[in-house]
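Note that the protein sequences, when read in sequence, are chains A and B. With the first letter of the first sequence counted as 1, position 158 gets the number 157 in numbering that gives the first Met the number 0; the numbers rise by one all the way through. With the first letter of the second sequence counted as 1, position 232 gets the number 231 in numbering that gives the first Met the number 0; the numbers rise by one all the way through.
Be aware that a few hints might be false.
Identical chains share a label here; the pair holds if one copy fits it or two copies do between them.
What the hints assert, rightly or not - Taking lysine to aspartate or glutamate and the EDC-like style, the derived pairs with C-alpha atoms no more than 16 Å apart in a straight line are: (1) K116 with D162; (2) K241 with D296; (3) K129 with E333; (4) K376 with E155; (5) K84 with E68.
Please keep in mind that the hints were generated in silico from the structure rather than gathered at the bench. Since the structure is predicted, the reported quantities are computational estimates derived from the model, not experimental observations.
Now for the letters of each chain:
Protein chains: 2
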Amino acid sequence: MPEQEFDVTPFDVEGAVNYDSLVDKFGTEEIDEELKNRFFEIAGDENLYVKRDFVYSHRGLDNALDEYEEGEGFFLYTGIGPSGKMHIGHIISFYFTRWIQEKFDVNIYIQVTDDEKYWDRDITDEEIDKYAEDNIREIAAVGFDPDKTFIFRNREYMGNMYDGIVKIAEKINNSQAQSVFGFEGSTSIGMNFWPAIQNIPTFFEEKRCVIPAAIDQDPYWRIQRDIAGKFGHKKTAAIHSKFIPALTGPEGKMSSSKPKTAIMLDDSPEQVEEKVKKQAFSGGGDTLEEHKEEGADLSVDTSFQWLRSLLLEDDEELNRIAEQYSSGEMMTGEIKEILIEELNRFLEAHQERKENVDQKVEKMMYEGYLAREMWEKNIDLELKR
Amino acid sequence: MPEQEFDVTPFDVEGAVNYDSLVDKFGTEEIDEELKNRFFEIAGDENLYVKRDFVYSHRGLDNALDEYEEGEGFFLYTGIGPSGKMHIGHIISFYFTRWIQEKFDVNIYIQVTDDEKYWDRDITDEEIDKYAEDNIREIAAVGFDPDKTFIFRNREYMGNMYDGIVKIAEKINNSQAQSVFGFEGSTSIGMNFWPAIQNIPTFFEEKRCVIPAAIDQDPYWRIQRDIAGKFGHKKTAAIHSKFIPALTGPEGKMSSSKPKTAIMLDDSPEQVEEKVKKQAFSGGGDTLEEHKEEGADLSVDTSFQWLRSLLLEDDEELNRIAEQYSSGEMMTGEIKEILIEELNRFLEAHQERKENVDQKVEKMMYEGYLAREMWEKNIDLELKR
């Protein structure tokens, strides 16, 4: 298969992606076997996404692990833009983040960008409010430690972090923001200011900040790495995932605004079944004969890729499926059934936790140990001259 | 005298100024005799600065007066950038604002831009804090109504106004900000965001906002006039003053960073005397003979201009001085003595009020009627679609 064209800028991801070349392009490092083993060893456990190379690249994860072992530790930062309901692609990143919290017992800060989404999209206040509330419930349902997790809406928390944002904003000029984010003359001055707001949580603690995110987010953090030292802070580390292929195939990403491409977190078992059966892109042969003869192309088959990257913990079972499906022994219908079952198992557990999440939301936003600490804090930065 | 070149951009004013051409350039209106009389009549009093045409131009003052007479009223907005100690040029504008408050019984909002000055100048946090505290005391000493005046520091009040700022920032793009404020690639994203923060107080009330400011500030408000309607608000009105000539002559403005050019609010009587005697630019003849023969050029004489525009209420006395000085009968030394006396009378009264201003500061910032109302308020804007 010839290499396809691809284009990865922070705001849009299209086309099939060569992940090795992204590592080269952005200057990140692959998570090699040595680092993987070290990561798992310190965690005392393996992680599915890392094991299967869905999480595959990093910056400074080795430093963060050093600092963890030396007792200094690190903290996690991630976020959500409340512009729609969340799909399985969104939540996987939070499950990975929770795994790190669980194994390393660290604080997590989750920024709900109800300002940036207002600037970035044609969306009303009412929609932002609705999605912010819903997204926060989805995230809380992931099961973070309610005393070590702070979920905050920018508009609500701004009073506590504006002093620090003023300092950061002074260190970023329009040209830098433009070159990193692609801002233009027609960009609102709100969006243009966004890098300062996005950066502030990386300075919430003295420790190193670790950001789990898709690889396309990496360029965003160039500015943080440039300015962190000026405030006596560490450059943020990052752990990068690949993109989850759309249900409809390996081109592009899942999107809430294209329902065919995504499994939504509130899809019913029946909806999941229908979507997978109708939409899941198959790497199988076009005809029964062709399939029996040539087998399936696993690299483009959504069912196999989702099972491998996101859902199926059991290595032996995965290998069995890979062998049988690629050899033509297993039919597309069969692997789709396995995917439907795994997806529904995952969603059912998640949805049940979401049902009972009110108290956790309250703790992560206002009443938990970390949240109370953060609401009493004024975030300011001091320039090291 | 040939017309000198002059250049008035929001951030810098240099050279001798043709005030009529500024009215043309900015598209404002002169305060003509009719409007002046109406203003005074409704106020029930005359105002020195307006009477002497030091305050000489406006936008929408007639609308504000209409709305006042119809019972709707208006409110005042002004501000200070805490980057230095204040001089007499700074405080005159506040005395004019107080006069309007006194005569029209309206609310005043005073924005202390401890964010913008951090972005605009090479200044430390400690300096900003020191100057903000001092400037606020100077302003409170002017004698505003403590229950109808809200003085707020942006960094402190941001939590209460960020929702509205988000809305404004979405309506201003980089090109607009650049064309109005002259921002460039090297401008910090903080400064670039400034128009949104500067605009929010114009939306603090439903009534029309009236901004008393020097004429060079007029272009700043073009953006407000463009976007106000989108939020169902009125375009701000403005009342423009000329620049107070520097002590050293009619070129440029007084500046705290050029001590020779300015009378500082905390200058002692001896300092005032020394500065005026040494620095005040004289329009008198170069020699005694020349002066006796040709008299003084009042238009460039700082002593006369200051007395006329800012200090001397008595018309007859001013006319006597004009006649005697322009005819050569009065010497530069004599008019300087009059200026010294008037300046010291003004400063002594101001300084005495500043000594006893603590309680007023507390009221204007936190405890007065309007301040309490503002601290309980969340400023948000609703888009009228």
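Each hint tested on the structure:
In the homo-oligomer, the alpha carbons of K116 and D162 lie at most 16 Å apart only across protomers (13 Å), although the nearest pairing inside one protomer, at 22 Å, exceeds that limit. In this assembly of identical chains, K241 and D296 lie within 16 Å of each other by CA distance neither inside one copy nor across copies; the values are 19 Å within and 78 Å between. For the homomeric pair K129 and E333, neither the shortest alpha-carbon distance inside one copy (38 Å) nor that between copies (73 Å) is at most 16 Å. Taking CA atoms no more than 16 Å apart as the test, K376 paired with E155 passes in both settings, with 14 Å inside one copy and 13 Å between copies.
When the C-alpha separation of K84 and E68 is checked against a cutoff of 16 Å, the pair qualifies neither within a copy, at 38 Å, nor between copies, at 51 Å.
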